[in-house]
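Chain order of the listed sequences is E and H.
Using the numbering used here, read the first sequence as starting at 1080 and increasing by one per residue.
Using the numbering used here, read the second sequence as starting at 985 and increasing by one per residue.
Among the clues, some could well be false.
Unchecked claim - To spell it out: a stretch of chain H is covered by chain E in this simulated footprint if at least three of its residues, at any positions, have a beta carbon under 8 Å from a beta carbon of chain E; those stretches are:
(1) 1021–1027
(2) 1085–1093
As the list claims (entries may be wrong) - DSSO-like mimics (lysine-lysine), calculated; alpha carbons at most 27 Å apart, straight line:
(3) H:K1022 / E:K1120
(4) E:K1134 / H:K1086
(5) H:K1022 / H:K1086
(6) E:K1134 / H:K1022
(7) H:K1000 / E:K1143
By construction, these hints were calculated from the structure, which means they are not laboratory data.
Using N, Cα and C, we set each Cβ at its ideal position, and we do this for glycine too.
Here's the letter readout for the chains.
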Amino acid sequence: GAVVSQHPSRVICKSGTSVKIECRSLDFQATTMFWYRQFPKQSLMLMATSNEGSKATYEQGVEKDKFLINHASLTLSTLTVTSAHPEDSSFYICSARSFRDLTQETQYFGPGTRLLVL
Amino acid sequence: AQKVTQAQTEISVVEKEDVTLDCVYETRDTTYYLFWYKQPPSGELVFLIRRNSFDEQNEISGRYSWNFQKSTSSFNFTITASQVVDSAVYFCALTQTGGGNKLTFGTGTQLKVEL
C-alpha cells in the first residue's frame, strides 16, 4: 500500500516551453501532496504544499507563477513548470499524505522526475 | 524553527560490517515525528521508519535498528551486517504534528557498502 507514481520519469525540453509533471496516489486518497526539488548531492527542498480543492501554499522564494500546482482530486496533483529555463533543470519529487493517515504524518514519495531544460 | 543535522556526509564500509548513521534534531514542539528515508541511485525515497516523540522504544526490523534518545535529541539508525544493496543516501527527517505536516530533512548521509 501507499504507492505514489510520477509521470514522466524523465523529460528533456527546450528553453521557453512548459512542462507538466503528474503525481498520483495509486492505492490511497491523499488530502495533501507536497512538491520537492532536489539538486545533485543535496537534500530535498520543499517547494509547495498542495491540498485538494484549494490553492497551493508555496515556500518562500518559490515563484507560484513559475511553478503552477493543481490538486484537482484526492489522487492527482500536477506541477507545471512554465517557460522553463536551464536553471529549472532538477529532480522534482512529489509526496502524498494519506487521507486516513491523519495521525501518522507519513509522507510517501513518488519516484521523481528528472527535468533537463536545454 | 526545526532543524535536522546529519553530520556524516559519506560513510564507506565493507560488506558485513555494522554501520550507524547519526541524526540529531532540534525542535520546540513537544509532539513531533521522526523519519528515516532511503534514496537509492534510482532516486525514489523509500520510507523506512516513523517514530513519534512519545515513543522512545528502540525498534528493530531485520538488519535495521533505530535508537531514539529524546534526552540527546538523537535518532540514530544502525544497519547490521551491511550489504551492497544498502548503498544509498539516507535522510533523517522531522515533522511537527499539524502545522501543514512539513518535513524538515537533514542533508543526508551517503552510505557506500563495498565488497
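So, going through the hints one by one against the coordinates:
no. : hint              : result
1   : 1021–1027         : holds (count 3)
2   : 1085–1093         : holds (count 7)
3   : H:K1022 / E:K1120 : holds (14 Å)
4   : E:K1134 / H:K1086 : holds (16 Å)
5   : H:K1022 / H:K1086 : holds (18 Å)
6   : E:K1134 / H:K1022 : violated (30 Å)
7   : H:K1000 / E:K1143 : violated (48 Å)
Violation of the numbered hints given earlier is confined to hints 6 and 7; the remaining hints are satisfied by the structure.
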